[in-house]
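Novice: Chains A and B supply the protein sequences, listed in that same order.
Each residue of the first sequence is one higher than the one before, counting from 20 in our numbering.
Each residue of the second sequence is one higher than the one before, counting from 19 in our numbering.
Each hint should be verified, as a subset may be incorrect.
[What the hints assert, rightly or not] Only part of the chain A face toward chain B is listed, based on derived beta-carbon distances under 7 Å:
#1 ALA142
#2 VAL143
#3 ALA146
#4 GLY149
#5 VAL150
#6 GLY151
#7 THR153
#8 ILE161
[Said to hold, decoys possible] So the derived list for chain A, only partly shown, Cβ under 7 Å to chain B, looks like this:
#9 GLU145
#10 PRO164
#11 ILE165
[What the hints assert, rightly or not] Restraint ranges, calculated between C-beta atoms of paired labels, are given here:
#12 GLN88(B) with VAL257(A): 47 to 53 Å
#13 ILE77(A) with ASP142(B): 52 to 58 Å
#14 ALA149(B) with LEU76(A): 44 to 50 Å
#15 ILE77(A) with ALA127(B): 44 to 50 Å
#16 LEU28(A) with ALA127(B): 53 to 59 Å
#17 LEU99(A) with LEU123(B): 51 to 57 Å
#18 ALA261(A) with PRO145(B): 47 to 53 Å
#19 SER63(A) with GLY90(B): 18 to 24 Å
#20 ALA35(B) with LEU76(A): 43 to 49 Å
#21 GLY90(B) with ALA261(A): 51 to 57 Å
#22 SER63(A) with GLN88(B): 26 to 32 Å
Quick caveat, the hints were computed from the structure, so don't treat them as lab data.
Glycine included, C-beta positions come from ideal geometry on N, C-alpha and C.
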Amino acid sequence: MDDRLNQALSLLPERLGWHVTLSAAALALGLLIALPLGVLAARSPRLRWISLAGAGLIQTIPSLALLALFYPLLLLLSGLSVKLTGHGFSALGFLPSLLALTLYSMLPILRNTAAGLTGVDPAVVEAARGVGMTDRQRLWRIELPIALPVIMAGVRTAAVWTIGAATLSTPVGQTSLGDYIFSGLQTEDWVAVLVGCAASAVLALVVDQLLGLIETGVGRRKRGLWIGGLAGLALGLVAALAPLAGGALSQGRPSYVIGAKNFSEQYILAELMAGKLEAKGGRVERKINLGSAVAYRALAAGEIDAYVDYSGTLWANVLNRKDNPGRAAVLDQLKTGLKERDGVVLLAPLGFENAYALAMRRDKAQALGIKTLADLAAKGSNLTMGGDLEFFSRPEWKSVESAYGLSFKARRQFQPTFMYRALGSGEADVISAFSSDGRIAADDLVLLGDPKGALPPYDAVILVSPKRTGDKRLIGALSPLAGTIDVKTMQAANYAVDRDAGKLSAAEAARMLTR
Amino acid sequence: MTAIVLEKIGKTYDGGAVLETASLSIAKGQFVALVGGSGAGKTTLLKTINALIAPTSGRVLIDGQDVAGQPGPALRRRIGYVFQEVGLFPHLTVAQNIGVTPSLLDWPADRIAARVEMLLDLVDLPPDVAARLPAALSGGQRQRVGVARALAAEPSILLMDEPFGALDPVTRVALAADVRRLHEALGLTTVMVTHDVGEALLMADRVVVMAGGKIIADDTPAALMAGHPDPRVADLIAAPRRQAEKLAALAHG
Chain A
20 MDDRLNQALS LLPERLGWHV TLSAAALALG LLIALPLGVL AARSPRLRWI SLAGAGLIQT
80 IPSLALLALF YPLLLLLSGL SVKLTGHGFS ALGFLPSLLA LTLYSMLPIL RNTAAGLTGV
140 DPAVVEAARG VGMTDRQRLW RIELPIALPV IMAGVRTAAV WTIGAATLST PVGQTSLGDY
200 IFSGLQTEDW VAVLVGCAAS AVLALVVDQL LGLIETGVGR RKRGLWIGGL AGLALGLVAA
260 LAPLAGGALS QGRPSYVIGA KNFSEQYILA ELMAGKLEAK GGRVERKINL GSAVAYRALA
320 AGEIDAYVDY SGTLWANVLN RKDNPGRAAV LDQLKTGLKE RDGVVLLAPL GFENAYALAM
380 RRDKAQALGI KTLADLAAKG SNLTMGGDLE FFSRPEWKSV ESAYGLSFKA RRQFQPTFMY
440 RALGSGEADV ISAFSSDGRI AADDLVLLGD PKGALPPYDA VILVSPKRTG DKRLIGALSP
500 LAGTIDVKTM QAANYAVDRD AGKLSAAEAA RMLTR
Chain B
19 MTAIVLEKIG KTYDGGAVLE TASLSIAKGQ FVALVGGSGA GKTTLLKTIN ALIAPTSGRV
79 LIDGQDVAGQ PGPALRRRIG YVFQEVGLFP HLTVAQNIGV TPSLLDWPAD RIAARVEMLL
139 DLVDLPPDVA ARLPAALSGG QRQRVGVARA LAAEPSILLM DEPFGALDPV TRVALAADVR
199 RLHEALGLTT VMVTHDVGEA LLMADRVVVM AGGKIIADDT PAALMAGHPD PRVADLIAAP
259 RRQAEKLAAL AHG
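Same shape as in the complex, but just chain A (with noise of 0.2 Å):
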């Protein structure tokens, strides 16, 4: 227990400096465009209503899937920038949080802006107009200064909600408190989600305490408050940028970019690479928690180096093959196939598959006298399937579902961790399973047959992005992983990871696969 809160406090300084950096910078850019755009509204009744609706229909969509939705089109826009300017920039990390979490914050800023300047006295305009003021002036010296304490109300709401929603920016590759929450979610570190979840709260608690300070210095003119309020914003400020400072003036910019979707074997395989990386001299960054279609991507963009992802996945979502002619010569075909349609290389074979299977508990399995998928359609009407997330939507379950004719009493989605959970409590009967899962061994469980071959082979590769193919440091350390971990090995080494009791760390897991 003190042990995970150690490493995960250790890891603190980098993730808070950048949850400060991403939440402050964000509310500044969003002060920057929401404060003018009130003082407009302010003054049209029309515009107000426009700018209000917007902010206020960009607030309903869920702030994921805002984040998410800034990644493509940061991807278009960069590939039209490269096309003209031939320079392109990171659709991944800071710059679509940033843009995400800025549009998040403008709503209360605005509102309470507009509020702030209509709900001024029409005998003080109007008193501002008779002693001789322009415009310009009475906005500066009476309006804005009387609206201050109203306007300050609503960038203390916005720098909670940024805070808070900043968390998310971790599926898009940037670092950021909700490292924490992600990965100790997936890999059920409680200790990790807690302090991810402390530590963001207590920043929120924190700024919201000197914003109000400055508030109440403003609204009641005490200069004392609001100057001191404003100090420690800004030590505040300085003290969480210090560590990342410090970083980037010792190492300079990582060379490597390695690159995990979101679950435990990806973290592990990760710092598998990472380590060989280092070890030879190399200085590494990694971006996990990257959604699926974001890491090849990412990958193929070149804004990561180097990921492991599996040959059925490659084959159906990049090069949207639907049949299945064998492992061997899926791993030939893709690696042609992506060389070809991304310039991405297919490294190497890790030796294991993870493949998507349908996974049973025993008992269950042997009463119903369930086997194969065959066995599975002609009972299935009876019982209820659990998918992860993406299962449902993902070629492979449409292949499954149409080769034998699936059909549920009801199907239910969970984040992986409880998709198992669900499979003993009894919520769910069948799931979908990943056949590398330290879990299948642990929970006792089943992976019906496929007699058909409806899914295709997952073998676990190592892609390395268009950019990398020649840097000798990065094959060197890479290649030669290549066939050295069966699946008996990557199970018990995501079992560490993912038990209840006596977990080790990613890093840790990925020893156990070099012994």
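Guided by the hints, dock chain B onto chain A, whose structure is given.
Specialist: Below, chain B alone, put in the same frame as chain A:
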């Protein structure tokens, strides 16, 4: 010498006429009261003088210059303006409120400070209110600050729109006397809108009666008291006269 000339001023809002060809010429140093019922167009006429309202037709001349050709803010810094709601700036101290027009004119700080001190004395407020916020003042004190603010940049013209309307009778009479005294002492040209005919007759050199956007009478208080052919004007004058006679009868038993 004429300070203010209004030439056939008309004003329409959404097709409805609020003012119809009102003409008026006010000599330097005169104290003119504009009276009439609500909707008579008094306030609109007053606000065309400092260009808070632009007339639809006609011209306004201040010291011989057409107002339409001048930037409004610069014009208004030369003309004092007091209105019923006062409109003190709630986030500024009394001293900052009074000094606002001089500061817009970039007066040096010490000159503004001296002027504020003098004006507080002139409107009969103690010097220690200078550092207070308007919220800490009584209604009468606030209007005194309003008058001081209007006079701060040494204007030669003072416009007042129902300046005493929200005050209690005792304060009202005291402040009215002070304003008349200031008018004399500073050599101002003053135009005051009021619906209180008695106040107008007692304070002004000249009373202009308005109805339906037109000027229907324009004379000295004494001449108006002597009688007027227009029954609307006669009725307006009769009311305070009857009240005064009754009060006199009460006083004499």
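Novice: If a hint holds in the structure, say so; if it doesn't, say that too.
Specialist: Verification of the supplied hints:
1. ALA142: 4 Å, holds
2. VAL143: Holds, because the Cβ-Cβ distance from VAL143(A) to chain B comes to roughly 5 Å (cut-off 7 Å).
3. ALA146: Since chain B brings a Cβ to about 3 Å from ALA146(A), closer than 7 Å, the hint holds.
4. GLY149: At 4 Å from the nearest chain B Cβ, GLY149(A) passes the 7 Å test, so the hint holds.
5. VAL150: Constraint on VAL150(A) satisfied, holds at 5 Å.
6. GLY151: With a closest approach of 3 Å, the GLY151(A) hint holds.
7. THR153: With a minimum Cβ separation of about 5 Å from chain B (threshold 7 Å), the hint on THR153(A) holds.
8. ILE161: Holds: closest Cβ of chain B sits about 6 Å from ILE161(A), inside 7 Å.
9. GLU145: 6 Å, holds
10. PRO164: Cβ of PRO164(A) sits 5 Å from chain B, so the hint holds.
11. ILE165: 6 Å, holds
12. GLN88(B) with VAL257(A): 47 to 53 Å: This hint holds: roughly 51 Å between Cβ atoms.
13. ILE77(A) with ASP142(B): 52 to 58 Å: 57 Å, holds
14. ALA149(B) with LEU76(A): 44 to 50 Å: 48 Å, holds
15. ILE77(A) with ALA127(B): 44 to 50 Å: 47 Å, holds
16. LEU28(A) with ALA127(B): 53 to 59 Å: 55 Å, holds
17. LEU99(A) with LEU123(B): 51 to 57 Å: Roughly 54 Å apart at Cβ, these two residues keep to the hinted range, so it holds.
18. ALA261(A) with PRO145(B): 47 to 53 Å: 52 Å, holds
19. SER63(A) with GLY90(B): 18 to 24 Å: 21 Å, holds
20. ALA35(B) with LEU76(A): 43 to 49 Å: Distance hint for ALA35(B), LEU76(A) holds at roughly 45 Å.
21. GLY90(B) with ALA261(A): 51 to 57 Å: 53 Å, holds
22. SER63(A) with GLN88(B): 26 to 32 Å: 27 Å, holds
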